[in-house]
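Student: Single-letter residue listing:
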Amino acid sequence: GAVVSQHPSWVICKSGTSVKIECRSLDFQATTMFWYRQFPKQSLMLMATSNEGSKATYEQGVEKDKFLINHASLTLSTLTVTSAHPEDSSFYICSASGGRGVNTGELFFGEGSRLTVL
Amino acid sequence: GQNIDQPTEMTATEGAIVQINCTYQTSGFNGLFWYQQHAGEAPTFLSYNVLDGLEEKGRFSSFLSRSKGYSYLLLKELQMKDSASYLCAVRDGDYKLSFGAGTTVTVRA
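Protein chains in written order, with the working numbering: chain A, 4 to 121; chain B, -19 to 89.
Fair warning: there could be bad hints in the mix.
Stated by the list, open to error - The calculated DSS-like cross-link candidates involving lysine-lysine, where the alpha carbons are at most 25 Å apart (straight line), are:
#	chain 1	residue 1	chain 2	residue 2
1	B	K76	A	K69
2	A	K69	A	K17
3	B	K61	A	K44
4	A	K58	A	K44
Unchecked claim - Computed footprint of chain B on chain A, listed as stretches where at least three residues anywhere in the stretch have a Cβ under 8 Å from a Cβ of chain B:
#	region
5	82 to 93
6	110 to 121
It should be emphasised that the hints constitute simulated quantities derived from the structure, not laboratory data.
Built from N, CA and C at the ideal position, the CB exists for glycine as well.
Bound-form chain B, shown alone (with noise of 0.2 Å):
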């Protein structure tokens, strides 16, 4: 099976900056994806890397490293409404998405 770690939780202040890690074991590699998840309501597409490097989208910024199996997500400048869970995903040689556990962020003011 494959195996998706990243932390439970974290809590930042508005304007701030959060890095949510996320490391991964899988059979095979075709990309990493990164989700935003607000309760109760099903996953929004936030980045996508499938080569080693930064991809910058405004406020948020994602990180490949394929060799050490491993990619951060990185909230610049934190509103209130990013607080969320934010799910790393992982899709393997057979082109299956496997969710990681989520990580959720609060922002406080």
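With the rest of the complex left out, here is chain A (with noise of 0.2 Å):
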């Protein structure tokens, strides 16, 4: 089936340090990936959608700049927060839709990436 696999899984990181996430998609191509992220006891809020081969279109209230997204092939997207700080830490997931739910538009989660900020 469908599989997403993200990491790292968990990032402890000190303040001002920039930390990355890779998104993959394992057995199908994923045009499109999306980044949430989510606060403990919260819904998964979307930051962005991720477009292969062109720019990551920002939700309103979530900075470009600091959240910085690349596409760069079918199957990789990634997520660098750039000089993070501590209400930096969140629970953050991509997912993508394609492979057994292309006809439902199912997303399919990766495992998620905890970051911690000092």
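The task is to assemble the complex, starting from two chains supplied on their own in separate frames and drawing on the hints.
Tutor: So this is what it looks like as structure tokens:
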């Protein structure tokens, strides 16, 4: 079945450093990937839509210069949190549609990356 | 913006039935999804409704009424492993998927 892999699963970094999170679709090509952020006991909030070969589309209130998204190929999208601060600590989840879910538009989620900024 | 409402918490005993309601108001509609999320993990797909009616999948069923902006997820024969958060998500006219805050279901022995 369709699988999306995301890593790292856990990352702890110092304030001011940058962190890169990778999201790969393992057995299907994903022209579009989505990045979500989830704070404890809250819902998934869409941050941006990542399109292969073009600029990402960011949701209102999400700083594009802080959350850099690159979708270099049909199977890989990366999210870089630049100059991370403690308030950026969150659970970041990527997702993609395609594969066996292409008819319904079902999203397949990566395992998530828990970022803690000290 | 989108408005998706679902109860915060529900508790039930093993073997029982739980119905989680979801109401939504979105700009356009292109399907409603239910996802299960265990703590600290990514969501996993449970069901998809785009037409009115009931979709049954084993112990889980999902219902949709587009005219009422309403859906429910029915969990039958509850098992301890069903303790999780259940997310209602609606795809709007622009094909963006928005999530409700989730309903935490606790199954007790």
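Student: All the hints need checking, so say for each whether the structure fits it.
Tutor: Against the structure, the hints:
1. Taking the CA atoms of K76 of chain B and K69 of chain A, the gap is near 22 Å; set against the 25 Å cutoff, the hint holds.
2. Between the alpha carbons of K69 of chain A and K17 of chain A the distance comes to roughly 16 Å, so the proposed pair stays at or under 25 Å and holds.
3. About 19 Å separates the Cα atoms of K61 of chain B and K44 of chain A, which keeps this hinted pair within 25 Å; it holds.
4. The suggested pairing of K58 of chain A with K44 of chain A is violated, with an alpha-carbon distance near 31 Å, which exceeds 25 Å.
5. Evaluation of the coverage hint for the region 82 to 93 of chain A: breached, as 0 residues show C-beta separations to chain B shorter than 8 Å, against a requirement of three.
6. Figure legend: the region 110 to 121 of chain A, annotated as covered by chain B; annotation consistent (7 residues with Cβ-Cβ distances under 8 Å, at least 3 required).
Against the hints set out earlier in the document, violations occur for numbers 4, 5.
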